[in-house]
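Going down the list, the sequences are from chains A and B.
Just so you know, the first sequence maps onto residues 1 to 111 in my numbering.
Just so you know, the second sequence maps onto residues 1001 to 1321 in my numbering.
Derived by calculation from the structure, the hints in this document are not laboratory data.
A couple of the hints might just be wrong.
[Stated by the list, open to error] DSS-like cross-link-like pairs, simulated, lysine-lysine; straight-line CA separation at most 27 Å:
#1 B:K1215 to B:K1267
#2 B:K1216 to B:K1267
#3 A:K19 to B:K1267
#4 B:K1169 to A:K105
#5 B:K1216 to A:K105
#6 B:K1267 to B:K1210
#7 B:K1313 to A:K105
#8 B:K1046 to B:K1036
#9 B:K1198 to B:K1216
#10 A:K105 to B:K1267
#11 B:K1169 to B:K1215
#12 A:K105 to A:K19
#13 B:K1159 to B:K1036
#14 A:K19 to A:K62
[Claimed, not checked] Quick look at which bits of chain B chain A covers, simulated, 3 or more residues with Cβ under 8 Å:
#15 1059-1068
#16 1144-1150
Cβ atoms here follow ideal geometry from the backbone N, Cα and C, with glycine treated the same way.
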Amino acid sequence: MQIRHGDVLLVRVAPAERKGDSTTDRLLAEGEGHNHGHVIDGDVEVFRNGDDRFHTHYVEVKTEAMLKHVLIDRGSWTGEHTDIVVPPGTYRVIKQREYDPYEQKVREVKD
Amino acid sequence: MSGHSAQEVSAVNLLYEIAELDHPEVVFIADPHHFKSEISRLKQAKVNTVNARVTSAVLEHIAAPCMRKVRELLSIERYNAHMHQHWLPLQRTWHDGVRSLVGQRFEINPGTWSNHPDSSDYAWMNYIRSFDEIELPSLTELYFSTLDQLTLTGSYLTKDCALILAAPKQINVDDQQRPHAADGFAIEYPSVGVCAWKGLLVPDHYILNKEGLTKKDILEERNVELRRAIMEIIGPERFSNLLDLVTLDQSIDAQGNLQSLYRTREKDNLINDHLYFAHVVCPSTQRNYYLPVPPHLRSAQDAVGWTFGLDGKAYNPEIET
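Start from the sequences and build out the full structure, keeping to the hints where you can.
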């Protein structure tokens, strides 16, 4: 199963794939300078996947969680990307990327 | 420094009294450049702020009693309904708008400003005033009347001196009340201004010299939201004309939106190759995005999948917002 929330994609994977350190931070991705972020709320454990820029996290949803796009400083909805209910399972979190044709390398999408 | 009235000085003095501080020298400043340099001067002189003390006093003596009254009188449904109708649009104009954009544009760290008095107070004040049935505590009334007098953008407070950055002389907003202007400044001070597109800070030349925008401007813009803003400012037709794009493949994604793979007609001089773009439409906002992709991709589906590190067959979101 795949869930896309703007520039963030959650892909359900086998539980054995999960790696990284558990964190209490529920912010999966944040926009650059716009106070916007994708957060996951609910019965969920979040794992930070080291310094990987593109596979930033794994999340383990136990019963049900909600993926939200919020103003980081207030936690209220931005008005973009409505909430998505995430069913139980283990998910790899993937951040969208683009190609720099001049440097010939992959870079993060900045929003 | 701009001229100011005795009422405006009294308004600032009132805040200092509530915080149990002596009246300061009140310095009114007309533009953000000058505001920033005055703050730097005070910081260099190692003058401590009383921002936190005044904010704390406002919260304790003005906001808390007022909000207690609101909670006593209103159902949660009515409170929330008013929140959406009155508070959020004003927040977009003032807190996320003027305060945030002026801070970004003139590189004034938002943590530097005092939370009160501040232009975002107008949002709070108008929200509270939208409840006809609430008789406000006298100190809240007094604070609101000071805000009526002050017309400020923000403040920086020390024990002896209160710097007050005047309100912009004009704010233009879009239909969602976000600072926005297709021509000219969205937030305008007497000598400087801020260009904004649907609440997003954009470089001045994107608006003030949009006819002069070139392919180089698009390709050098690393921020995808700003690149999207360029496209909206100059229109999709001129945008793709500037890049001189030809369509390699198009398909309909699972949400029913068109996704495309484009290539520049001519080879780019610097890399001696064409430039390739995936074009996607956000299902939530209907905004259009052009993301550069590598040259080996052959279909729109492959190109969009690549932007998430997957091949086209593996990329298949079931839910998307």
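Status of each hint after checking the structure:
A threshold of 27 Å between alpha carbons decides the hint, and for K1215 of chain B with K1267 of chain B the separation of about 13 Å falls inside it, so the pair holds. Straight-line distance between C-alpha atoms of K1216 of chain B and K1267 of chain B comes to about 14 Å, which keeps the hinted pair within the 27 Å bound. This hinted pair does not check out: K19 of chain A and K1267 of chain B have alpha carbons roughly 43 Å apart, beyond 27 Å. For the proposed pair K1169 of chain B and K105 of chain A, the alpha carbon gap of about 45 Å is over 27 Å, so the pair is violated.
Annotation: proposed proximity of K1216 of chain B to K105 of chain A holds, straight-line Cα distance about 19 Å (limit 27 Å). Between the alpha carbons of K1267 of chain B and K1210 of chain B the distance comes to roughly 25 Å, so the proposed pair stays at or under 27 Å and holds. A hinted pair counts as satisfied when its Cα atoms are at most 27 Å apart, and K1313 of chain B with K105 of chain A qualifies at roughly 23 Å. Proximity of K1046 of chain B to K1036 of chain B is assessed by CA-CA distance (about 15 Å); at most 27 Å being required, the pair is judged to hold.
Straight-line distance between C-alpha atoms of K1198 of chain B and K1216 of chain B comes to about 23 Å, which keeps the hinted pair within the 27 Å bound. Among the hinted pairs, K105 of chain A with K1267 of chain B is consistent with the structure: their alpha-carbon atoms are about 18 Å apart, no more than 27 Å. The suggested pairing of K1169 of chain B with K1215 of chain B is violated, with an alpha-carbon distance near 34 Å, which exceeds 27 Å. Annotation: proposed proximity of K105 of chain A to K19 of chain A holds, straight-line Cα distance about 26 Å (limit 27 Å).
Annotation: proposed proximity of K1159 of chain B to K1036 of chain B holds, straight-line Cα distance about 18 Å (limit 27 Å). Distance restraint check for K19 of chain A and K62 of chain A: the Cα-Cα separation of roughly 16 Å lies within the 27 Å cut-off, and the hinted pair is therefore satisfied. Restraint check on the stretch 1059-1068 of chain B versus chain A: 0 residues with Cβ-Cβ distances below 8 Å, three needed, restraint violated. Proximity of the stretch 1144-1150 of chain B to chain A, defined as three or more residues with a beta carbon under 8 Å from a beta carbon of that chain, is not established by the 0 residues found.
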